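Note that the working numbering gives residue 315 to position 66 of the sequence shown, counting from 1, and the numbers run on in steps of one.
Do not rely on the hints blindly, as some may be mistaken.
Listed below are the simulated SDA-like cross-link pairs for lysine to any residue, each with C-alpha atoms no more than 25 Å apart in a straight line [stated by the list, open to error]:
{"#": "1", "residue 1": "Lys337", "residue 2": "Arg317"}
{"#": "2", "residue 1": "Lys337", "residue 2": "Ile350"}
{"#": "3", "residue 1": "Lys337", "residue 2": "Val258"}
{"#": "4", "residue 1": "Lys337", "residue 2": "Glu314"}
{"#": "5", "residue 1": "Lys331", "residue 2": "Pro287"}
{"#": "6", "residue 1": "Lys331", "residue 2": "Val263"}
{"#": "7", "residue 1": "Lys331", "residue 2": "Ala279"}
{"#": "8", "residue 1": "Lys337", "residue 2": "Val263"}
{"#": "9", "residue 1": "Lys337", "residue 2": "Glu312"}
{"#": "10", "residue 1": "Lys337", "residue 2": "Asp352"}
FYI, nobody ran anything at the bench for these hints, they're computed from the structure.
Values in this document were obtained by computation on a predicted structure and should not be read as measured data.
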Amino acid sequence: HCSAPCDEVRGDRVCTVCRQLVVICGECRAALPEYHCPAHRELRRCYFTFLEHFSLEALREQEAELSRLIADIDNPHIRTGKSRNCRKTLARQWDRVAARIADMA
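Construct all of the structure, not just a fragment, from the sequences and the given hints.
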């Protein structure tokens with residue numbers, strides 16, 4: 250998240266994707282709604298546990314980004330290095346986002 254020195258590990262600071270503990274400074278903690286570990290940092294714009302506080306436009310952006318990531322995994326010409334389990338995780342999140350969009354529409 251940032252390069253500020255921080256060595257406090259707390260049980261309430263976990264990656265929203267995998268639940269791994271995340272070391273995060275107090276400033277980033279206050280600024281971010283949810284946290285992502287280094288392995289899932291690329292998902293910080295499209296993968297959130299709590300979708301209720303996002304606008305319809307923000308949810309559509311998340312849906313588009315998730316679709317792109319899934320398509321990249323499915324494309325045999327792009328070597329993403331992502332596993333089928335990763336694809337399933339992204340697809341489940343896409344389903345959650347799509348359901349939230351349908352609820353709001």
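Has the given pair, Lys337 with Glu312, been kept, meaning a C-alpha gap of at most 25 Å? Holds: Lys337 and Glu312 sit about 15 Å apart, inside 25 Å.
Would the hint linking Lys337 and Val263 be met if the CA-CA limit is 25 Å? Roughly 21 Å between the alpha carbons, so the hint for Lys337 and Val263 holds.
If you draw a straight line from the CA of Lys337 to the CA of Asp352, is it 25 Å or shorter? Judged against 25 Å, a Cα distance of about 23 Å means the pair holds.
If you draw a straight line from the CA of Lys337 to the CA of Glu314, is it 25 Å or shorter? holds, 15 Å
Holds or violated: Lys331 with Ala279, Cα cutoff 25 Å? violated, 31 Å
Check the hint pairing Lys331 with Pro287 against an upper bound of 25 Å on the C-alpha distance. holds, 15 Å
Given hint Val258 paired with Lys337 - CA-CA distance at most 25 Å: violated, 29 Å
Hinted pair Lys337 and Ile350, Cα distance within 25 Å: Holds, because 20 Å separates the two Cα atoms, which is no more than 25 Å.
Quick one, are Lys337 and Arg317 close enough, alpha carbons at most 25 Å? holds, 14 Å
Lys331 and Val263 were given as a pair; does the straight-line alpha-carbon distance stay at or below 25 Å? holds, 22 Å
Hint violations for this structure: numbers 3, 7, all remaining hints satisfied.
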